[in-house]
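Asks: Heads up: the sequence lines are chains E and A, in that order. Counting in my numbering, the first sequence runs from 11 upward without gaps. Counting in my numbering, the second sequence runs from 11 upward without gaps.
Worth flagging that the hints you see were computed from the coordinates, not collected in a lab. Mixed in with the good hints, there may be bad ones.
Just so you know, same-sequence chains aren't split out, so a pair can sit in one copy or run between any two.
Unchecked claim - 20 Å max Cα-Cα, derived DMTMM-like pairs, lysine to aspartate or glutamate: (1) Lys190 x Glu172; (2) Lys152 x Glu20; (3) Lys190 x Asp171; (4) Lys190 x Glu208; (5) Lys190 x Asp52; (6) Lys190 x Glu47; (7) Lys190 x Glu155; (8) Lys37 x Glu164.
Protein chains: 2
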Amino acid sequence: MARLQHLALERALHYYHAITAISQAEKAYVSSAYLGECLQIDATQVRKDMAAFGIRGVPGLGFPVATTLDTLRHALGMDRLIPAILIGVGRLGGALAAFEGFHAYGLDFVALFDVSPSRQGQRIGTLPILPLSELAAAVRQKQVEVAVLAVPSECAQATADEAFNAGVRAVWSFSESVVKAPPGAFVRNEHIAIGFGELAYYLRQ
Amino acid sequence: MARLQHLALERALHYYHAITAISQAEKAYVSSAYLGECLQIDATQVRKDMAAFGIRGVPGLGFPVATTLDTLRHALGMDRLIPAILIGVGRLGGALAAFEGFHAYGLDFVALFDVSPSRQGQRIGTLPILPLSELAAAVRQKQVEVAVLAVPSECAQATADEAFNAGVRAVWSFSESVVKAPPGAFVRNEHIAIGFGELAYYLRQ
Chain E
11 MARLQHLALE RALHYYHAIT AISQAEKAYV SSAYLGECLQ IDATQVRKDM AAFGIRGVPG
71 LGFPVATTLD TLRHALGMDR LIPAILIGVG RLGGALAAFE GFHAYGLDFV ALFDVSPSRQ
131 GQRIGTLPIL PLSELAAAVR QKQVEVAVLA VPSECAQATA DEAFNAGVRA VWSFSESVVK
191 APPGAFVRNE HIAIGFGELA YYLRQ
Chain A
11 MARLQHLALE RALHYYHAIT AISQAEKAYV SSAYLGECLQ IDATQVRKDM AAFGIRGVPG
71 LGFPVATTLD TLRHALGMDR LIPAILIGVG RLGGALAAFE GFHAYGLDFV ALFDVSPSRQ
131 GQRIGTLPIL PLSELAAAVR QKQVEVAVLA VPSECAQATA DEAFNAGVRA VWSFSESVVK
191 APPGAFVRNE HIAIGFGELA YYLRQ
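So here's chain E without its partners, still in its complex pose:
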């Protein structure tokens, strides 16, 4: 299928998310009305989006959960795990490292790093927290593609550059600063507060 436009991709990811939750509740079908309600869009749009993936519902029942998930997972390229590292294991980093919902999206942490000697050697799940001096070797040996950054704003760019130099192709940054990518690489700056700004804007109307 053709490359998805930004909004179509966003909707597809939200369908995938909602249907994953449905599958955990062991339901066999999900309706376009339910998905529309989850995304706050019209059910007609849901059916149109699903049709674009070749997914059709069963009248009176809805979309079959298992095959719909498989089709979306394949179309979105989430049918393989992407080896990733986490740099910065403070409060937020610790939450990200322990978060169980990432696997369904293909995010697979293979190593954790922190500058603080007091955190090094501690474990989150099965992974020990390592010093940054071991970053380059870990990226090479474990074929790491993504670095997730939960470091203070003032060192976010330098940390991202270090990860790019070590060979990662993309950085997902949770710092307040705006991290830039070198040519050919990719950065996603996740600014959590912006989500609140959006909620608050509607609240104030």
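Chain A: place on chain E using the hints.
Replies: Chain A alone, transformed into the frame defined by chain E:
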């Protein structure tokens, strides 16, 4: 000014975010080229968006940081603090409670809650963690408008309902499940993993 469309609002919030970082670096002007690079959009779009807010740049210098921030803050309704509570002070909740970037967006935590007796009585910053039995009274006394939820998926809807019953107008949920709002109220479901799905989709192309 007229109510902003979804994408225009999102861009405005990202401008606000990028210029806040610039102001912390004590710079006096910011160019449309720089903002375009931050948002990965064309500088022409930036100037058009700014013009819609009545913000015009100084040739050769860019937009004046201080007045641009003031104008955006007012237009986005962020010139007042919104009293909010946080429910669920685990790893992620603790990170949200301690996050300093929220104030710039008007989010003001006035109370923290957790079901776990071992967490109750602990403090994050100046705020003690309270039992949920004190929720209704706190919402009333502190005129709380928003509840931020960092609770397990299986209790997210029940916790949101409790907050709505206590009188909050909006819920910002970080659970994996999809929380629904009663009529007249507002929910924003923040699914962090979806951000990775988007990054990974581009990475796979």
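Asks: Are the CA atoms of Lys190 and Asp52 at most 20 Å apart within a copy, between copies, both, or neither?
Replies: between (36 Å within a copy, 16 Å between copies)
Asks: Tell me, please, which holds for Lys190 and Glu172 at an alpha-carbon limit of 20 Å: within, between, both or neither?
Replies: within (13 Å within a copy, 42 Å between copies)
Asks: Given a CA cutoff of 20 Å, do Lys37 and Glu164 count as a within-copy pair, a between-copy pair, both, or neither?
Replies: Close across copies (15 Å), not inside one copy (46 Å); limit 20 Å.
Asks: Could you place Lys190 and Glu208 in one of the four classes (within, between, both, neither) given a Cα distance threshold of 20 Å?
Replies: The answer is between: 17 Å across copies meets 20 Å, while 24 Å in one copy does not.
Asks: From the Cα coordinates, with 20 Å as the cut-off, is the pair Lys190 and Glu47 best called within, between, both, or neither?
Replies: between (36 Å within a copy, 8 Å between copies)
Asks: For the identical chains here, do Lys152 and Glu20 meet the 20 Å Cα criterion within one copy, between copies, both, or neither?
Replies: neither (29 Å within a copy, 36 Å between copies)
Asks: Is it within, between, both, or neither for Lys190 and Glu155, if the alpha carbons may be no more than 20 Å apart?
Replies: Result: close within a single copy only, 17 Å intra versus 36 Å inter.
Asks: I want to check one pair: Lys190 and Asp171. Are their C-alpha atoms no more than 20 Å apart within a copy, between two copies, both, or neither?
Replies: Intra 9 Å, inter 41 Å, cutoff 20 Å: intra-copy only.
Hint 2 alone, counting from the list given before, is not met by this structure.
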